[in-house]
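Enquirer: Using the sequences provided together with the hints, build the complete structure.
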Amino acid sequence: MTRLFAMAGYLYQSAAAIILIFAISHLLPAADYTNFSLALASSQLLCVLMFEWLQLAGLRFLAAAGEDEAARLRWSLFAAGLSSAAALVVVGSCASLASVLPAGIIALGLGISVLQGLTDLYFLSVRLSDRLGIASSLLAFRATTLLTGAAAGAAIWGTAEAALLGVGAGHALGLLTGLLAYRTPLERVPLRRVLADWKDFSRYGMLAAGASVIHLSVPVLLRFIIIGRLGATGAGAGFSIALDLLQRPFWVLNAAIHTVSYPDVVKDFERGTVMKSVQSARRMFEFMVCTTLVLLGGLIGFIPDAARILVPRESLDGFLTTAPVVAVFYFLHTHLQATVAVVPHLEKRATRLVVVAAGQLAIVAALALAATWAGLSPRQAVGCACLATLATILVALGPTLRFEAFPRWSLVVQALAAAALIGSLGAMPTEPAAWLAGKIMIAAIATAIVGWRGDFLMLARRG
47 MTRLFAMAGY
57 LYQSAAAIIL
67 IFAISHLLPA
77 ADYTNFSLAL
87 ASSQLLCVLM
97 FEWLQLAGLR
107 FLAAAGEDEA
117 ARLRWSLFAA
127 GLSSAAALVV
137 VGSCASLASV
147 LPAGIIALGL
157 GISVLQGLTD
167 LYFLSVRLSD
177 RLGIASSLLA
187 FRATTLLTGA
197 AAGAAIWGTA
207 EAALLGVGAG
217 HALGLLTGLL
227 AYRTPLERVP
237 LRRVLADWKD
247 FSRYGMLAAG
257 ASVIHLSVPV
267 LLRFIIIGRL
277 GATGAGAGFS
287 IALDLLQRPF
297 WVLNAAIHTV
307 SYPDVVKDFE
317 RGTVMKSVQS
327 ARRMFEFMVC
337 TTLVLLGGLI
347 GFIPDAARIL
357 VPRESLDGFL
367 TTAPVVAVFY
377 FLHTHLQATV
387 AVVPHLEKRA
397 TRLVVVAAGQ
407 LAIVAALALA
417 ATWAGLSPRQ
427 AVGCACLATL
437 ATILVALGPT
447 LRFEAFPRWS
457 LVVQALAAAA
467 LIGSLGAMPT
477 EPAAWLAGKI
487 MIAAIATAIV
497 GWRGDFLMLA
507 RRG
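Count along the sequence shown starting at 1, add 46, and that's the number in this note's numbering.
In short, the hints are calculated from the structure, not lab data.
Remember, it's a predicted structure, so these values are computed and weren't measured experimentally.
Among the hints, erroneous ones may be present.
[As the list claims (entries may be wrong)] Cut-off 25 Å, straight-line C-alpha distance, at most; resulting in silico cross-link-like pairs (BS3-like, lysine-lysine):
| no. | residue 1 | residue 2 |
| --- | --- | --- |
| 1 | LYS394 | LYS245 |
| 2 | LYS245 | LYS313 |
| 3 | LYS313 | LYS394 |
| 4 | LYS322 | LYS394 |
[To be verified] Computed Cβ-Cβ distance ranges for the label pairs, DEER-style:
| no. | residue 1 | residue 2 | range |
| --- | --- | --- | --- |
| 5 | ALA201 | ALA437 | 40 to 46 Å |
| 6 | ALA490 | VAL135 | 55 to 61 Å |
| 7 | LEU226 | ALA111 | 21 to 27 Å |
| 8 | ALA416 | PRO231 | 51 to 57 Å |
| 9 | MET474 | ASP114 | 56 to 62 Å |
| 10 | ALA490 | ARG239 | 48 to 54 Å |
| 11 | CYS140 | MET474 | 52 to 58 Å |
| 12 | SER456 | LEU482 | 29 to 35 Å |
| 13 | VAL135 | ALA463 | 49 to 55 Å |
| 14 | ARG448 | ALA301 | 22 to 28 Å |
| 15 | ALA473 | ALA201 | 32 to 38 Å |
| 16 | SER248 | ALA437 | 28 to 34 Å |
A virtual CB, placed ideally from N, CA and C, is assigned to each residue, including glycine.
Expert: Have a look at this one:
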């Protein structure tokens, strides 16, 4: 039941993030929302740059560690986190001198990066202390504080700075609550041991995090390329809303599945037999591929209906034009970054991850720039990014194919059929209300069939 609760908690985070995007897009003018979106995306990139290596190293090393060893590793991990936070503040402050952005937005962006990185690191340590229920509750609580803080700031002052201040306050309150809710066991170790742990963390974690930074740079770069053409207009805000909105469901679903499944995959890989390791990875791949396929169909089928109610009128056309292809891009991007990378992570082949990520960034940048220079629409430019990401996936599949943890293709085909059915519901009218209820019922039945055929409910409950 704890794992089911964790999955529900991640779904709640996704819903809260979606509500936040719609709320901020209504509360802020289009130009302010564009600035808020760019600042938040940049802070996310900085957070990944400075803290992702510790997240990945902690997940890879703590998941397979014994209780005593884990307590020592946590001390080294938190020490490294505080050092990364200090380095981020110093380097970011110096780099901001050359920026044209207002000093207030820069300071808030740096603060958000530091608070989010430290909070994520602490929540990870709680999860890997066999406190999945507490970690899920803390994540859900933080999602609530982020929504409340950002919406309150935007509603009261109506500026990007106020909304960003609310985001920072939400992260700070989440971290404080986590420290009060559960103290992860720590064992102080001498500096020599800390430095040795940092060396192990960095040897794997920095390369793997470098790949994550590059992957995160892809949608950020795509945003700057297309917004550079559209400007701070309603169409630009609509495209920004699509990028902000549609990445969250895929990211949250991926994080939920990795949270409940990946630690067991690591343990089976390190301590189990080859057959058990392959079976564990195969179940995780089925879980990821099938659920994200159904999610993609749901986004294409239902987001346009919600957008006509929730997206500001001046941004609606830009959103509706680009939302379907942006959803496809994030579907492919998620699997390249998360699913295709599982086996290289298990084998600690972090250099390969960096090469794959750099290849995607280079191809996406080249095709997107060529598309905009050729006068293609934003939708067509994102379509080029989809093709580039798909090509990268095909090239990067080698280690996964050699591992032979193949999903059941019959199950994948069923999920694809369900996604196509749910996506086609977007062509149906939503008025009167009976039509909308019918669409929801059809989507729920198709989703339930895929979940039953894949045994995903039991997979989430397994230890």
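Enquirer: Is 32 to 38 Å right for how far apart the beta carbons of ALA473 and ALA201 are?
Expert: holds, 36 Å
Enquirer: Holds or violated: 56 to 62 Å for the Cβ distance of MET474 and ASP114?
Expert: holds, 59 Å
Enquirer: Are the Cα atoms of LYS313 and LYS394 separated by 25 Å or less?
Expert: holds, 14 Å
Enquirer: Could you grab the alpha-carbon distance between LYS394 and LYS245 and see if it respects the 25 Å cut-off?
Expert: Holds. LYS394 to LYS245 sits at ~14 Å (cutoff 25 Å).
Enquirer: Would you mind confirming whether the straight-line C-alpha gap from LYS322 to LYS394 stays at or under 25 Å?
Expert: holds, 19 Å
Enquirer: Starting from the hint 52 to 58 Å, judge whether the C-beta atoms of CYS140 and MET474 obey it.
Expert: Between CYS140 and MET474, where Cβ atoms are some 55 Å apart, the hint holds.
Enquirer: Honestly, do VAL135 and ALA463 meet the 49 to 55 Å range at C-beta?
Expert: The hint (49 to 55 Å, Cβ to Cβ) holds, given that VAL135 and ALA463 are roughly 51 Å apart.
Enquirer: Check the following: the C-beta atoms of LEU226 and ALA111 are separated by a distance inside 21 to 27 Å.
Expert: With a Cβ separation near 25 Å, LEU226 and ALA111 satisfy 21 to 27 Å, so the hint holds.
Enquirer: Mind checking the hinted window 40 to 46 Å against the Cβ distance between ALA201 and ALA437?
Expert: holds, 44 Å
Enquirer: Between ALA416 and PRO231, does the beta-carbon spacing fit 51 to 57 Å?
Expert: At roughly 54 Å between Cβ atoms, PRO231 and ALA416 fall inside 51 to 57 Å, so the hint holds.
Enquirer: Within 28 to 34 Å: is that where the Cβ-Cβ distance between SER248 and ALA437 falls?
Expert: Since SER248 and ALA437 have Cβ atoms about 31 Å apart, the given range 28 to 34 Å holds.
Enquirer: Holds or violated: LYS245 with LYS313, Cα cutoff 25 Å?
Expert: holds, 22 Å
Checked against the numbered hints listed earlier, the structure breaks hint 6 alone; every other hint is satisfied.
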